[in-house]
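Asker: Letter by letter, the chains look like this.
Protein chains: 2
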Amino acid sequence: MFSLDLSGLTPQQFLDTYWQKKPTVIRQGFKDFIDPITADELAGLACDEQVESRLVYKKAGAWQAEFGPFESYGHLGEREWTLVVQAVDHWLPQVAALAEPFQFIPNWRKDDLMMSFATPGGGVGPHIDLYDVFIIQGSGKRHWRVGDRGAHNEFAAHEALLHVDDFEPIIEVELLPGDILYIPPGFPHDGSAVEPSLSYSVGFRTNSGYELTEGLADFLAEHALAKELMCDPDREATERPGAISQQDVALIKQHLMKVVADDELFSRFIGEFVSQAKHDLDIAVMDDEGYSKQEVIALLQQGKPLHRLGGLRCFYFEATLDQGVFYVDGEEKRLPSEMKAVIQLLCDQRSISAEQLLPWIDHNPFLDFLIELLNAGYWYFEGA
Amino acid sequence: MFSLDLSGLTPQQFLDTYWQKKPTVIRQGFKDFIDPITADELAGLACDEQVESRLVYKKAGAWQAEFGPFESYGHLGEREWTLVVQAVDHWLPQVAALAEPFQFIPNWRKDDLMMSFATPGGGVGPHIDLYDVFIIQGSGKRHWRVGDRGAHNEFAAHEALLHVDDFEPIIEVELLPGDILYIPPGFPHDGSAVEPSLSYSVGFRTNSGYELTEGLADFLAEHALAKELMCDPDREATERPGAISQQDVALIKQHLMKVVADDELFSRFIGEFVSQAKHDLDIAVMDDEGYSKQEVIALLQQGKPLHRLGGLRCFYFEATLDQGVFYVDGEEKRLPSEMKAVIQLLCDQRSISAEQLLPWIDHNPFLDFLIELLNAGYWYFEGA
Ligand SMILES: O=C(O)CCC(=O)C(=O)O
Ligand SMILES: O=C(O)CCC(=O)C(=O)O
Ligand SMILES: [Co+2]
Ligand SMILES: [Co+2]
Numbered sequence: 001m002f003s004l005d006l007s008g009l010t011p012q013q014f015l016d017t018y019w020q021k022k023p024t025v026i027r028q029g030f031k032d033f034i035d036p037i038t039a040d041e042l043a044g045l046a047c048d049e050q051v052e053s054r055l056v057y058k059k060a061g062a063w064q065a066e067f068g069p070f071e072s073y074g075h076l077g078e079r080e081w082t083l084v085v086q087a088v089d090h091w092l093p094q095v096a097a098l099a100e101p102f103q104f105i106p107n108w109r110k111d112d113l114m115m116s117f118a119t120p121g122g123g124v125g126p127h128i129d130l131y132d133v134f135i136i137q138g139s140g141k142r143h144w145r146v147g148d149r150g151a152h153n154e155f156a157a158h159e160a161l162l163h164v165d166d167f168e169p170i171i172e173v174e175l176l177p178g179d180i181l182y183i184p185p186g187f188p189h190d191g192s193a194v195e196p197s198l199s200y201s202v203g204f205r206t207n208s209g210y211e212l213t214e215g216l217a218d219f220l221a222e223h224a225l226a227k228e229l230m231c232d233p234d235r236e237a238t239e240r241p242g243a244i245s246q247q248d249v250a251l252i253k254q255h256l257m258k259v260v261a262d263d264e265l266f267s268r269f270i271g272e273f274v275s276q277a278k279h280d281l282d283i284a285v286m287d288d289e290g291y292s293k294q295e296v297i298a299l300l301q302q303g304k305p306l307h308r309l310g311g312l313r314c315f316y317f318e319a320t321l322d323q324g325v326f327y328v329d330g331e332e333k334r335l336p337s338e339m340k341a342v343i344q345l346l347c348d349q350r351s352i353s354a355e356q357l358l359p360w361i362d363h364n365p366f367l368d369f370l371i372e373l374l375n376a377g378y379w380y381f382e383g384a
Numbered sequence: 001m002f003s004l005d006l007s008g009l010t011p012q013q014f015l016d017t018y019w020q021k022k023p024t025v026i027r028q029g030f031k032d033f034i035d036p037i038t039a040d041e042l043a044g045l046a047c048d049e050q051v052e053s054r055l056v057y058k059k060a061g062a063w064q065a066e067f068g069p070f071e072s073y074g075h076l077g078e079r080e081w082t083l084v085v086q087a088v089d090h091w092l093p094q095v096a097a098l099a100e101p102f103q104f105i106p107n108w109r110k111d112d113l114m115m116s117f118a119t120p121g122g123g124v125g126p127h128i129d130l131y132d133v134f135i136i137q138g139s140g141k142r143h144w145r146v147g148d149r150g151a152h153n154e155f156a157a158h159e160a161l162l163h164v165d166d167f168e169p170i171i172e173v174e175l176l177p178g179d180i181l182y183i184p185p186g187f188p189h190d191g192s193a194v195e196p197s198l199s200y201s202v203g204f205r206t207n208s209g210y211e212l213t214e215g216l217a218d219f220l221a222e223h224a225l226a227k228e229l230m231c232d233p234d235r236e237a238t239e240r241p242g243a244i245s246q247q248d249v250a251l252i253k254q255h256l257m258k259v260v261a262d263d264e265l266f267s268r269f270i271g272e273f274v275s276q277a278k279h280d281l282d283i284a285v286m287d288d289e290g291y292s293k294q295e296v297i298a299l300l301q302q303g304k305p306l307h308r309l310g311g312l313r314c315f316y317f318e319a320t321l322d323q324g325v326f327y328v329d330g331e332e333k334r335l336p337s338e339m340k341a342v343i344q345l346l347c348d349q350r351s352i353s354a355e356q357l358l359p360w361i362d363h364n365p366f367l368d369f370l371i372e373l374l375n376a377g378y379w380y381f382e383g384a
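Same order as they appear, the protein sequences are chains A and B.
Under the UniProt record's numbering, think of the first position of the first sequence as 1, with each following residue one higher.
Under the UniProt record's numbering, think of the first position of the second sequence as 1, with each following residue one higher.
Source of the hints: derived by calculation from the structure; they are not laboratory data.
There's no promise every hint is true.
Copies of one chain are not kept apart here, so a pair can be met inside one copy or by any two copies together.
To be verified - Pairs of lysine to any residue, SDA-like flavour, derived with a Cα cap of 25 Å:
1. Lys-22 <-> Thr-238
2. Lys-58 <-> His-143
3. Lys-258 <-> Pro-184
4. Lys-278 <-> Glu-228
5. Lys-293 <-> Ser-337
6. Lys-293 <-> Glu-382
7. Lys-258 <-> Met-230
8. Lys-253 <-> Glu-264
9. Lys-22 <-> Leu-229
10. Lys-59 <-> Arg-79
11. Lys-278 <-> Leu-229
12. Lys-278 <-> Glu-222
13. Lys-340 <-> Tyr-291
14. Lys-227 <-> Lys-258
With the hints as extra help, turn the sequences into a complete structure.
Answerer: The structure is reproduced here in structure tokens:
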């Protein structure tokens with residue numbers, strides 16, 4: 001496991017000082033950093049059509065972007081291009097491990113882990129993101145400039161590249177392997193490789209009021225909820241039939257608010273909404289009828305650790321954990337309440353050791369549910 | 001204009017006693033009632049493909065439903081079929097006039113006016129509606145049974161006919177021309193013609209929390225509003241990365257609530273949402289470049305009344321009327337604030353007399369806006 005040093009700060013100190021507030025360089029955040037993946041492996045991943053990737057380069061001074069899957073990179077030369085691959089954590093557990101040290105920020109806030117390989121002079125160009133990101137430098141060196149928040153002019157340098165006008169840097173730095181650049185939303189930044197360079201962006205997501213409203217509408221539609229119609233038995237006769245009265249606005253607002261004010265409904269919405277993955281998951285197709293109870297017991301007895309599929313999102317609420325409620329990949333699950341501790345293991349840990357699971361080996365509801373998760377491809381035994 | 005007698009009650013007394021509470025028969029609500037349309041005209045309307053219509057009848061004891069447009073009715077015989085036509089008020093102003101006496105209930109609550117023609121023994125079968133309705137009996141007689149609210153079993157008597165099990169009537173009545181049956185949501189009812197019978201259903205609409213949420217999401221998407229992302233600069237470090245904490249639920253809820261709590265945004269949403277028509281409007285296609293100022297002035301001087309297109313929905317809020325804000329057919333309009341009185345005329349009255357308009361004949365912004373409305377086909381001069 002990667003061990004993170006936030007320049008000597010505690011996670012809380014880091015959050016208080018920098019999170020969502022200002023960018024910072026964390027020198028040697030990962031000491032003696034060794035890439036969990038090579039540039040060649042990344043390039044190979046971008047040949048898979050399920051993987052979202054982009055090539056960014058300049059042609060005669062003009063920015064270009066192409067979308068993967070790619071077949072070869074030979075024609076690109078040795079300078080001034082970048083390969084960007086989304087959601088590498090969905091495909092490679094050793095890359096997913098890189099996000100674990102950032103779990104002092106809860107997983108529901110986490111987005112996917114994006115990687116880039118850049119040749120000297122390569123980069124995606126100056127831009128602004130709406131999300132927080134920790135950019136971890138792997139092998140090679142990259143020069144970064146970060147400007148201040150403010151009114152920056154954005155423009156399409158290419159139809160797929162939203163760039164920003166040149167900015168005055170408040171940070172200018174050359175990142176070395178294991179260095180980390182943290183950038184909150186709204187700060188323009190521009191990276192340019194000094195040598196062939198790998199970098200890992202641990203990104204975080206958040207939502208707009210619009211996205212939440214749309215998500216809520218989808219949720220209500222899917223479950224056929226909130227179908228009760230507004231009532232107005234206390235209506236007052238009007239002489240202005242074309243007016244929508246203050247009382248009526250209040251009535252309509254109240255009816256809409258009911259949905260949000262219903263704590264049970266609202267937390268179910270949040271649980272299902274934030275546990276939806278934005279990128280494909282690497283779901284293994286079962287080639288037979290799935291696991292039997294005997295097989296699972298044998299694997300547990302052999303001491304195999306259980307891993308969560310990369311990119312799978314699963315969460316619980318402290319308030320309903322006692323009732324065995326949690327959320328996996330956009331769906332609510334309800335387990336017997338005595339399985340509370342298992343739910344916590346599944347949601348809090350990317351990997352669960354055999355020791356942690358052994359106490360459950362005789363618990364039938366646990367075994368049934370574990371088989372359901374294994375057969376869905378959501379969790380898997382190491383080496384099985 | 002039709003004159004309504006609510007069995008001697010004032011509109012407020014009617015609302016207090018019956019509205020959304022219990023069904024009632026209003027004998028001779030319209031005295032000396034004369035149909036504004038004949039059965040033949042209705043049958044003709046249902047031949048138009050823009051008009052939504054249905055035939056309901058029984059074949060060998062089994063309920064049948066067919067959707068219009070229809071070409072002929074000759075094969076149906078003289079008994080036990082009904083023709084139902086939606087939104088007749090969108091096509092025939094003389095039918096739209098029938099809804100006017102109910103304007104003590106504001107127009108935003110109004111749905112379309114549905115009509116039916118039934119031959120002896122004909123009816124749509126026992127059913128429950130989610131909406132309030134005033135069923136006005138035209139020529140002929142119809143026998144009605146209305147049951148109490150409660151747990152009634154609904155079933156599909158045909159894929160397009162949701163029926164309800166037989167019920168104990170709390171009202172059993174034979175309606176004569178000019179009689180009105182008011183039925184709130186949830187009361188099962190069943191009508192069966194005694195003689196060839198025309199009836200007019202003045203329906204009201206309301207919305208569910210789901211529909212409001214979906215409408216709000218569509219509104220935000222259309223206008224690219226509420227794009228601001230949720231922030232969490234005060235985040236606390238967690239040791240339970242799989243949990244969504246109480247604070248985080250509150251944060252997300254607050255971010256969603258912001259949209260509803262923004263009074264300006266919310267009332268704009270309501271205005272645009274409730275002014276959307278659910279059925280086609282009979283928009284006249286302009287065969288030339290539209291009205292000139294001179295033509296409009298001439299029509300006003302000739303004393304032509306101005307009519308609102310049937311089914312067009314337009315509303316204002318008392319709070320923003322002073323600012324010239326109102327809503328027509330799903331869109332916000334902003335006029336100079338001195339035009340407040342005109343907005344009220346347009347929204348409160350289905351028809352505006354020449355006398356009411358003459359004071360505005362020299363007001364250029366009014367003339368410009370009137371031309372916009374005329375050219376859009378939303379209002380029209382009588383006989384022009
Ligand atoms: O890896 C890169 O070239 C771009 C990284 C970046 O801008 C980010 O993660 O926000
Ligand atoms: O006109 C009919 O036959 C049915 C009317 C009705 O059920 C209604 O308006 O709710
Ligand atoms: Co960036
Ligand atoms: Co009905």
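Asker: A separate judgement is required for each hint: does it hold in the structure or not?
Answerer: Checked hints:
1. Lys-22 <-> Thr-238: So Lys-22 and Thr-238 pass the 25 Å test across copies only (21 Å; inside, 55 Å).
2. Lys-58 <-> His-143: For Lys-58 and His-143, the Cα distance is within 25 Å only inside one copy (18 Å; across copies 80 Å).
3. Lys-258 <-> Pro-184: Between. Shortest inter-copy distance 23 Å satisfies the 25 Å Cα cut-off; intra-copy 34 Å does not.
4. Lys-278 <-> Glu-228: Between copies only: 20 Å across, 31 Å inside.
5. Lys-293 <-> Ser-337: within (22 Å within a copy, 75 Å between copies)
6. Lys-293 <-> Glu-382: within (17 Å within a copy, 81 Å between copies)
7. Lys-258 <-> Met-230: both (10 Å within a copy, 22 Å between copies)
8. Lys-253 <-> Glu-264: both (20 Å within a copy, 12 Å between copies)
9. Lys-22 <-> Leu-229: between (47 Å within a copy, 17 Å between copies)
10. Lys-59 <-> Arg-79: Cα proximity of Lys-59 and Arg-79: one copy only (12 Å, versus 79 Å across).
11. Lys-278 <-> Leu-229: between (33 Å within a copy, 17 Å between copies)
12. Lys-278 <-> Glu-222: For Lys-278 and Glu-222, the Cα distance is within 25 Å both inside one copy (18 Å) and across copies (23 Å).
13. Lys-340 <-> Tyr-291: Answer is within: at 23 Å inside a copy they meet the 25 Å cutoff, but 72 Å across does not.
14. Lys-227 <-> Lys-258: So Lys-227 and Lys-258 pass the 25 Å test inside a copy (12 Å) and across (23 Å) alike.
Consistency with the previously given hints is maintained throughout, with no hint failing.
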